[in-house]
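Chain by chain, the residues run as shown.
There are 2 protein chains.
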Amino acid sequence: MDIIKVIQDKSKAGEEYFKLLKERQGKENVEVIKIVEDIIEKVKKDGDRALIEYTNNFDKVLLKNIEVTKEEIKEAYSKVEDEFIEALKTAKENIKEYHSKQVQDSYILTKDNGIVMGRTVRGLDRVGIYVPGGTAAYPSSVLMNAVPAKVAGVNEIVMTTPPSFDGTINPNILVAADLAGVDKIYKIGGAQAVAALAFGTETIDKVDKIVGPGNIFVAMAKKSVYGFVDIDMIAGPSEILVISDETGNPKFIAADLMSQAEHDVLASSIFVTTSRELADKVIKEIKLQVEDLSRKEIILKSLKDYGAVILVEDLNRAIEIGNVLAPEHLEIITRNPFEYLNDIKNAGSIFLGSYSPEPLGDYMAGPNHVLPTSGTARFSSPLSVDDFVKKSSYLYYSEKALKNVNSKVIKIAETEGLTAHANSIKVRFN
Amino acid sequence: MDIIKVIQDKSKAGEEYFKLLKERQGKENVEVIKIVEDIIEKVKKDGDRALIEYTNNFDKVLLKNIEVTKEEIKEAYSKVEDEFIEALKTAKENIKEYHSKQVQDSYILTKDNGIVMGRTVRGLDRVGIYVPGGTAAYPSSVLMNAVPAKVAGVNEIVMTTPPSFDGTINPNILVAADLAGVDKIYKIGGAQAVAALAFGTETIDKVDKIVGPGNIFVAMAKKSVYGFVDIDMIAGPSEILVISDETGNPKFIAADLMSQAEHDVLASSIFVTTSRELADKVIKEIKLQVEDLSRKEIILKSLKDYGAVILVEDLNRAIEIGNVLAPEHLEIITRNPFEYLNDIKNAGSIFLGSYSPEPLGDYMAGPNHVLPTSGTARFSSPLSVDDFVKKSSYLYYSEKALKNVNSKVIKIAETEGLTAHANSIKVRFN
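Those protein sequence lines, which keep their order, are chains A and B. With our numbering applied, the first sequence covers 19 to 448. With our numbering applied, the second sequence covers 19 to 448.
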């Protein structure tokens, strides 16, 4: 049994593989939707009492305080390694620096006869970040969600995450949240946390937007409250596409493919290369390296089910495949990787050269690791400051300015059959 | 029977009215969802054949050509008044000028040791605009959707709209589309048009994003295909909030409230003022003016059901109400309207002064008329160039640069339990 499919480009097998990737998406679960709707209704009705009850039922904790106290945060710092804190601080500064370039200014346009118009840009008032519990509690995700919100000028950032059996929160998460400038942290998880953020309770003020990953209950709850509040996109299975010519280092490429594969059995790691020889070496390296990795089982299943090595004629075709698949992560490990930057139309995050592996971007460099998955990079973008602002247009015309265009406005209004629109111009000059 | 409710601020009636506004939202219709899903499946399976069949069934037209021909567009010009074309041209130039200020540039950040990173911004490849038929066929909406897409650098803009009984398209719509630079126009409406845009047929290439208003079938179809393609927000009932002190002109205010009310019986027109006297005059003016308006019935029903005059103590409280309701349109008709610009946190579009009525913005001035409705201005923004671009981040580290941070990346990866992530850094320095 092969560890990963090897596919000749433009073959029947290639077509089938592309089709398989498209169908990776999980189906919505009607039972889950029903459960989630009930939870939301109860939280809307009973507020904190419902939160305490659900946390008792699902997390097996009878909460004394819903909000994490200052003392608990202080204690978390004492439990966390200094090197980890230093690493998070460097990451935070890099993320802040990178995202600061995304701030959009309000603008103004002035024209003759006293016309003034433009657009104001403001941070959202209040944002809620959901952080999963257990093994999926990633401090890096806290930074990646909170720092852009902070840069955007969000007034208040709150976080919610399920408690452990003993009623505490993972100290790594608490430290990351504190460093990132999160204002309040709540010990609530699941659909009940999403409901509380969307509609508010006695303790938790409702927010304007909910971001962050979660299990199927959290995802369905976010979908359900969308419209009352904004949400980030609901992430599908993720993927990496590595493109290389014969100059690629097989050790590095094998390692990078596996770093994606370890996330999830639905994750997809794809290697597209012009070199059959390199392909063979990469497969050999995977077999070697996987033995020492703690998530070996997940990696092997993910590579077997959704991974592939695709052999192409030239790098232009490799880029073309990239544009069709629109991968979340795209590594270009070629002689002159920058040469392809203009040709890459669809990708969440692009990693150029041999020393820019995906984990560098996941944790440290500055670009966001919340990225459009499952081919949605065709129309979606990495999480950014843009996601935490709202805009308003504004318009001022003087009497003279309006008079100059009044017949044109009336003409369009009447053509559209909207006579009250036309009337609103007419009454001003009768 | 009063023509519109008059409510004292902070009264029980005020509370009830705010609650009523929140509940204006229409319920989703399960039957419609089922019908729409069937249509989508059939279009996916049968392509053009399904489109022809549905158009025959629903629009009572046996189409000879799905795509509008050059001759049909030429003919449309001959059917349209010159003054209308001139008005559209002025509107288009104003919209283009206003939206050009929204173009975001790609950026780059360079750091020591050869680090390069940044973000590229590109127009979407292909966008589809849905335009309703019948009395809701608004040429101004064609401009408001197509021009920002054009400014964003979208490669191809297509439009789809249901044909009339004789197989033609409203010439005003065709002319607007042609002026706006729409590349292709299809004579298909309803859920079948949305399905064709999302998944493609022999004649219609699939798009990356679908925008534009539509009836319940179109809205549900957009919701259903969301994820395969992007969509704009599904608009709820719309509203105007006019704020005035005693200096407001009652004629103007009455006319502006009715220009919103004529859209829809669910539309909401709200007048908030510090002056009881002005309130009375506005109501008198509504009664006078409404008699001459063609959509009188809709206006009266909308004002009665969802309109209100709210009497407040001072303008600060009026602005506060504005921020709570987060109206789609906000007119500030006061002595010094610009003074309040900083205090308005939540509004789609803001109209300042006595000569900037909503219809000026709907048709002519430049800002977009596609706006967040039903209080979503708390977290959503007017349609803009931002809605027609996608972004990718890119990252390059040299060997030396990666070496400098390698222990920190490994520390975070291992803390998160992702050993394959750590491995991808380690293999590069073993």
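Calculated from the structure, these hints are not laboratory results. Just so you know, not all the hints are guaranteed correct.
In silico DSS-like cross-links for lysine-lysine, where the CA-CA straight-line distance does not exceed 27 Å [as the list claims (entries may be wrong)]:
id, chain 1, residue 1, chain 2, residue 2
1, A, 444, B, 30
2, B, 62, B, 319
3, A, 429, B, 97
4, B, 88, A, 114
5, A, 52, B, 23
6, B, 119, A, 363
7, B, 114, B, 202
8, A, 302, A, 30
9, B, 314, A, 302
10, B, 363, A, 241
11, B, 224, A, 224
12, B, 23, B, 319
13, B, 444, B, 418
14, A, 444, B, 241
15, B, 63, B, 241
16, B, 202, B, 88
17, A, 224, B, 241
18, B, 269, A, 421
19, B, 110, A, 63
20, B, 23, A, 426
21, A, 269, A, 299
22, B, 30, B, 421
23, B, 319, A, 269
24, B, 421, A, 114
25, A, 114, A, 88
26, B, 28, A, 444
27, B, 63, A, 40
28, B, 241, A, 241
29, A, 241, A, 202
30, B, 426, A, 119
31, B, 28, A, 62
32, A, 30, B, 224
33, A, 224, A, 88
34, B, 299, A, 421
35, B, 129, B, 426
Everything numeric in this text was worked out from a predicted model, so none of it was measured.
Open item on the list: Holds or violated: residue 444 of chain B and residue 418 of chain B, Cα atoms, limit 27 Å.
Closed with: Distance of about 14 Å is within 27 Å: holds.
Open item on the list: Does residue 63 of chain A sit within 27 Å of residue 110 of chain B, going by the straight-line distance between their CA atoms?
Closed with: At roughly 49 Å apart (the allowed maximum being 27 Å), residue 63 of chain A and residue 110 of chain B break the hint.
TODO: Take the C-alpha atoms of residue 224 of chain B and residue 224 of chain A, compute the straight-line distance between them, and say whether it is at most 27 Å.
DONE: violated, 38 Å
Open item on the list: Given the hinted pair residue 241 of chain B and residue 241 of chain A, is their Cα-Cα distance within 27 Å?
Closed with: holds, 12 Å
- [ ] Please work out if residue 62 of chain B and residue 319 of chain B have their alpha carbons no farther apart than 27 Å.
- [x] Between residue 62 of chain B and residue 319 of chain B the Cα gap is close to 41 Å, so the pair fails against 27 Å, i.e. violated.
Task: Restraint status (C-alpha distance of residue 269 of chain B to residue 421 of chain A at most 27 Å) - done: holds, 17 Å
- [ ] Please work out if residue 202 of chain B and residue 88 of chain B have their alpha carbons no farther apart than 27 Å.
- [x] holds, 10 Å
TODO: Could you grab the alpha-carbon distance between residue 114 of chain A and residue 88 of chain A and see if it respects the 27 Å cut-off?
DONE: holds, 24 Å
- [ ] Given the hint that residue 444 of chain A pairs with residue 241 of chain B, test it: the Cα-Cα distance must not exceed 27 Å.
- [x] violated, 39 Å
Task: Given hint residue 299 of chain A paired with residue 269 of chain A - CA-CA distance at most 27 Å - done: Satisfied, since the Cα-Cα distance of roughly 8 Å is no more than 27 Å.
Open item on the list: residue 63 of chain B and residue 40 of chain A were given as a pair; does the straight-line alpha-carbon distance stay at or below 27 Å?
Closed with: Cα-Cα ~17 Å, so holds.
Open item on the list: Against the 27 Å threshold, does the CA-CA distance of residue 363 of chain B and residue 241 of chain A hold or violate the hint?
Closed with: holds, 25 Å
Hints 1, 2, 4, 5, 9, 11, 14, 19, 20, 22, 23 and 26 from the earlier list are contradicted by this structure; the remaining hints agree with it.
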